[in-house]
Amino acid sequence: MSAPFLKIDRLSVRLRRGGEGRLLRQASIAVAPGEVHGLVGESGAGKSMIGRAIFGILPRAVEVIEGAVRLGGTDLFTLSDRERRRLVGVNAALIPQDPLTALNPSKRIEAQMTDRLTRILGLSAAEAKARALGLLEEVQIREPARVFRSYPHELSGGMRQRVLIASAFAAEPRLIVADEPTTALDVTVQKQILKLIAEMQRRHGTALLFVTHNLGVVAKICQRVSVLYAGKIVEQTDVATLFNAPAHAYTRALMAATPRYDRPEESLAPVRPEVIEALSQEIAQTDNIWAEARLAAAGRRA
Amino acid sequence: MVEPRPLHRRRSIRLWLGAAWIALLFFAAVFAGALSPHDRLAQDLMLQTLPPAWLPGAEPGYYLGTDSLGRDILSRIIYATRPALIVAIVASTAACLFGSLLGLVAGFFGGWADRIISRLVDIWMAFPPVLLSILLVAVLGPALSSVIIAIAVIDWTRFCRVVRAEAMQQRRMDYVDSAKVAGYGTLRIMAREVLPNVLPAIVVLFSLEMGIAVIVEAILSFVNLSISTDDPTWGSMIAEGRGIVHQAWWVLVFPLTCLFLTVLAFSQFGEGLKERFDPVMR
Ligand SMILES: Nc1ncnc2c1ncn2[C@@H]1O[C@H](COP(=O)(O)OP(=O)(O)OP(=O)(O)O)[C@@H](O)[C@H]1O
Ligand SMILES: [Mg+2]
Chain A
1 MSAPFLKIDR
11 LSVRLRRGGE
21 GRLLRQASIA
31 VAPGEVHGLV
41 GESGAGKSMI
51 GRAIFGILPR
61 AVEVIEGAVR
71 LGGTDLFTLS
81 DRERRRLVGV
91 NAALIPQDPL
101 TALNPSKRIE
111 AQMTDRLTRI
121 LGLSAAEAKA
131 RALGLLEEVQ
141 IREPARVFRS
151 YPHELSGGMR
161 QRVLIASAFA
171 AEPRLIVADE
181 PTTALDVTVQ
191 KQILKLIAEM
201 QRRHGTALLF
211 VTHNLGVVAK
221 ICQRVSVLYA
231 GKIVEQTDVA
241 TLFNAPAHAY
251 TRALMAATPR
261 YDRPEESLAP
271 VRPEVIEALS
281 QEIAQTDNIW
291 AEARLAAAGR
301 RA
Chain B
1 MVEPRPLHRR
11 RSIRLWLGAA
21 WIALLFFAAV
31 FAGALSPHDR
41 LAQDLMLQTL
51 PPAWLPGAEP
61 GYYLGTDSLG
71 RDILSRIIYA
81 TRPALIVAIV
91 ASTAACLFGS
101 LLGLVAGFFG
111 GWADRIISRL
121 VDIWMAFPPV
131 LLSILLVAVL
141 GPALSSVIIA
151 IAVIDWTRFC
161 RVVRAEAMQQ
171 RRMDYVDSAK
181 VAGYGTLRIM
191 AREVLPNVLP
201 AIVVLFSLEM
211 GIAVIVEAIL
221 SFVNLSISTD
231 DPTWGSMIAE
241 GRGIVHQAWW
251 VLVFPLTCLF
261 LTVLAFSQFG
271 EGLKERFDPV
281 MR
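Chains A and B are the protein sequences, given in the same order. Numbering-wise (my numbering), the first sequence opens with residue 1 and increments by one. Numbering-wise (my numbering), the second sequence opens with residue 1 and increments by one.
Source of the hints: derived by calculation from the structure; they are not laboratory data. Only a predicted model underlies this, so the values are computations on that prediction, with no experimental measurement involved. There's no promise every hint is true.
[Unchecked claim] Taking lysine to aspartate or glutamate pairs in the EDC-like style, the calculated list, with each CA pair at most 20 Å apart, reads: (1) A:K232 <-> A:E66; (2) B:K180 <-> A:E199; (3) A:K129 <-> A:E172; (4) A:K7 <-> A:E154; (5) B:K180 <-> A:E42; (6) A:K195 <-> A:E110; (7) B:K180 <-> A:D115; (8) B:K180 <-> A:E137; (9) B:K274 <-> A:E110; (10) A:K191 <-> A:E172; (11) A:K7 <-> A:D75; (12) A:K220 <-> A:D238; (13) B:K180 <-> A:D75; (14) A:K220 <-> A:E42; (15) A:K195 <-> A:E137; (16) B:K180 <-> A:E154; (17) A:K191 <-> A:D115; (18) B:K180 <-> A:E172; (19) B:K180 <-> A:E138; (20) A:K220 <-> A:E199.
Could you put the whole structure together from the sequences, leaning on the hints where they help?
So this is what it looks like as structure tokens:
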């Protein structure tokens, strides 16, 4: 296995005015070139926070309290804003969750795709245009020239997501973070888009961090997976192990609640009571640990 | 697939009627000299309060009649488009630039910048606008420039509030983050990414503001606080006509109608623009 391109080390993030409550608790993730790493967890677990931390677009209300994010060995938090933006801009791209708000409604697709290329890679306008058109073809858009001239509202959700995928791959980044890229789409389109992302990733050899709350998707396209719960990575393993021998109660509960593409009959089975029991115990335990930590901290302060 | 754009082509009657009247006003203002049949200032006591052309006792050539000093009403109405439009354009532009800039800063940056600007707007809006404008012009002295300053000073808050709300909404959209990821700086994101999406709201408001400016100018003329020469404004004509409305209704009714249509045209034009922008942008 080659050295990881993305390496997140014990990253903790909290609200600036939120007391001890943490949104990420010492989360560590490594993604190697050409690898697809799944990041699963329920809504609010902090999946998007991890993505945002990589790109330096955390909400203002949120601050990093410990840890590092390394791209190709460089710790992003040690760079100046300008250097970080440049490094991230060249090496990483984001496929966002909501294809409607991820494109600027008042700019044509052409400008949105080529501006980045001319700016980040220093391509000439003609080169950027050719590259962007080529990428639109690669994501199976039938009339690239016409889409190029369109405004976002003139495109369907699936088309917009294709445009965003093309944009993400256009600068040949070494890392792509896809944040639930299919959630906002209807089911038939979801499958196409998923397949497309997997194909593009393989062809370009990109490291891909794939955020989802769907374990079926993880089974399909990921090699490794991290299960996030309340900002803590409770299980991190390769996909085969995860499905054959899930170590953590929460993972098992998550699995029981997920419809499975590979064994559809199993997804109809009801969640077993002992799984729910195990999960609630786990949650109670975690809560206890935090409460103890809080008490200890209070004790130290007193 | 690429979807058709039906809303782009939908005709909007209010938009075009409003635009037509506004265009007519501009035409009248520019070519006032050629269009008016008589000298707007010429008094003739032989021609006092002549009725409009279609009533008995009318004098040929005085289409809308004359006022109590024998001045041609049509010519005066045509010339009065000049102060009306100058005030509408200059005052609205000033209010728009100042208010939009502050609104954009407040909405885009949030935090303490927003708190200071929002508080300022709240304080400003606590003053009753008509009283404040009369007070301001009384202090600055009656002149067109005073009227313009008064309107801009009072009405920038309208732009500030709307632009702030829009910018706040835009700031949360993912494309702003994408622009940051692409390495663009804050200023460039504000000016090139967010502003174009706020612009429709600004344009609509600008049109509405022009209507408001015309009314305020008329009110200030009516209470004799606008331009002090004999040059006609709709407001001063209305004030003159009010006293003799029972003997010569036309002296009041024609400038009043003009004022009404103009204000209506600006507001309908603005509303029409809003209709046109909304389904596209949302
Ligand atoms: N701007 C913000 N200010 C304060 N808290 C926030 C902000 N954005 C998110 N949070 C909180 O951070 C936590 C993690 O949010 P995050 O968006 O990372 O969840 P997620 O795992 O991506 O969920 P989803 O599947 O719904 O996208 C949540 O509890 C959320 O309430
Ligand atoms: Mg999310």
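Task: Violations among the numbered hints, reported as their numbers in ascending order - done: 2, 4, 5, 6, 8, 9, 10, 16, 17 and 19
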